[in-house]
Amino acid sequence: MDAQLKKGTLEVCVLASLIEGPSYGYKIVKDLKDVVDISESTLYPILRRLEKGEYLTTHSEEANGRLRKIYEITDEGYEKIMDYVIDFKELLKIYKYIERGVRHD
Amino acid sequence: MTKEVFLKELREDLENYEVNDIDEIIAYFDEMIEDKKDNGMDEEVIIDSLDSPKEIALVLKGKEVKEEEIREGEYEMCDGRVRYTKEATDLLSISIDIADDEIKVTRGDDDNLYVIFEEKENDHYKIKEKDRGSKLKIEKNTPPIFNIFNSKERALLELILPSGYSGELKIETVSGNIEGSDLKLRKLRAETVSGDVVIENCDIEDLKVQAVSGDIEVKDVRAVSLKVDNVSGDSEIDVKADFIKTESVSGDLIIDIKGEEKDYAIYYDKLMKDYKLRTELKDQKHLKMESVSGAIDYHFTA
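Residue numbers (this note's numbering), protein chains in the order written: chain A, 1 to 105; chain B, 1 to 302.
Excised from the complex, chain A in its bound form (with noise of 0.2 Å):
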């Protein structure tokens, strides 16, 4: 996929895998795993990003006896989603006209 279109497509992702409620690091890449191409190490500063934009708060919780960092996305967070929903129907039109000539065999 372009490098481009896939950077903030991959933002978006990540928020939306915490529409169901709040996540964490390994379950985050599980849950991504068949939708997205993204390792860990590529997950660890859009986390950050987001963050720091203000899309998602973390706080750490117990869990198997060790402390885990939960992220949950915040109201921008779903904006941000919505945005990129609206922004993609758009692009759905642009796509439906570049892909009229290609042959489907």
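Just so you know, these hints were derived from the structure itself, not from any lab.
For clarity, every value in this text was computed on a predicted model and none was experimentally measured.
Certain hints may be false.
Distance condition first, Cα-Cα at most 25 Å in a straight line; then the derived SDA-like pairs of lysine to any residue [claimed, not checked]:
no., chain 1, residue 1, chain 2, residue 2
1, B, Lys61, B, Ile26
2, A, Lys27, B, Lys135
3, A, Lys30, A, Tyr78
4, B, Lys8, A, Glu40
5, A, Lys30, B, Leu50
6, A, Lys33, B, Asn39
7, B, Lys135, B, Thr106
8, B, Lys8, A, Leu67
Some chain B residues near chain A, calculated using beta-carbon distances under 7 Å [stated by the list, open to error]:
no., residue
9, Tyr28
10, Glu31
11, Asp35
12, Asp51
13, Ile56
One-sided and incomplete, this derived list gives chain A residues near chain B with beta-carbon spacing under 10 Å [what the hints assert, rightly or not]:
no., residue
14, Thr42
15, Leu43
16, Leu47
17, Tyr95
Backbone N, C-alpha and C fix where the C-beta goes; we use that ideal spot for every residue, glycine too.
Knowing the structure of chain A, use the given hints to seat chain B on it.
Chain B alone, transformed into the frame defined by chain A:
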């Protein structure tokens, strides 16, 4: 590799690359590895599946070294003036890249460096820091993503930089004129395509001026090294400098050097006519002039 070794190496690499928030990063990977172990994976296999510590450090360092918008608190705004409040010693280079606005750089009475823009269009400037605040970059931003100046009509805006700046200043325009006066700088680069450049009454160790069709005037300037490049514009130079190199294609070169002719090795190259008047000795002051079809006229004034 065990988790202990992996995390130890990761910490070392992060420190070497001077990445921020190392403890958080280590905690993140520690947690990730432990969770995978709890889910039945073998520690060695987990470590193998991760990027190497060095790769991780490089990626995280790379993500950090991006341009950051200047935060409020690092600049103050008042009446269309932006005062950049960082210490001069923290700045290594300033680069200004604008298309057709006029730009003047001068030293104020308070000894601060004043960069004055006259906006031609209702566009916005973006001031960015790079390399953890050691480089300042000012560019026109079309379309505006983040605007600091919001002007509805043509405005005269000033950017005030700290005095004592000893880094490099680079100004690039397309059609805008560049004017520098009363400056004391270590290194100045002024480049334009069709704008004119006037550098006046300055002490600049390393000065380079470039134009394509604009005219260049360097007057009352003291420099160690001066380079002037012009294509079709005319260049008028009046300097005291040790190493002078001037080039032109069709524009004229008029050069007045404050100094003794005997101290200089002089190269005068007008296409097809190569005058080497003296052999250049290492470290000797020199004056090199090249033109294709423009006239060359030089004088020494003791």
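Hint check: A:Lys30 vs B:Leu50, CA-CA at most 25 Å. Holds or violated?
14 Å, holds
Has the given pair, B:Lys135 with B:Thr106, been kept, meaning a C-alpha gap of at most 25 Å?
Roughly 19 Å between the alpha carbons, so the hint for B:Lys135 and B:Thr106 holds.
A:Leu47 as an interface hint toward chain B, with CB separation required under 10 Å
8 Å, holds
Under 7 Å, Cβ to Cβ, is where B:Asp51 needs to be relative to chain A, so tell me if that hint holds or is violated.
5 Å, holds
Is the hinted pair B:Lys61 and B:Ile26 satisfied, with a Cα-Cα distance of at most 25 Å?
OK: B:Lys61 and B:Ile26 at ~14 Å, within 25 Å.
Does A:Glu40 lie within 25 Å of B:Lys8 when you go C-alpha to C-alpha?
Satisfied, since the Cα-Cα distance of roughly 18 Å is no more than 25 Å.
Close enough to count: is the Cβ of B:Glu31 nearer than 7 Å to one in chain A?
It holds, given that the least Cβ distance between B:Glu31 and chain A is near 6 Å, below 7 Å.
What's the verdict on A:Lys27 and B:Lys135, does the C-alpha distance respect the 25 Å limit or exceed it?
40 Å, violated
Let's test the interface hint: is any C-beta of chain B closer than 10 Å to that of A:Thr42?
Hint on A:Thr42: holds, closest Cβ of chain B at ~8 Å, below 10 Å.
For the pair supplied as a hint, A:Lys33 and B:Asn39, is the alpha-carbon distance within the 25 Å limit?
16 Å, holds
May I ask you to test the interface hint for B:Tyr28 with respect to chain A, counting a Cβ-Cβ separation under 7 Å as satisfied?
It holds, given that the least Cβ distance between B:Tyr28 and chain A is near 6 Å, below 7 Å.
Hint check: is the beta carbon of B:Asp35 less than 7 Å from a beta carbon of chain A?
4 Å, holds
Hints 2 and 17, counting from the list given before, are not met by this structure.
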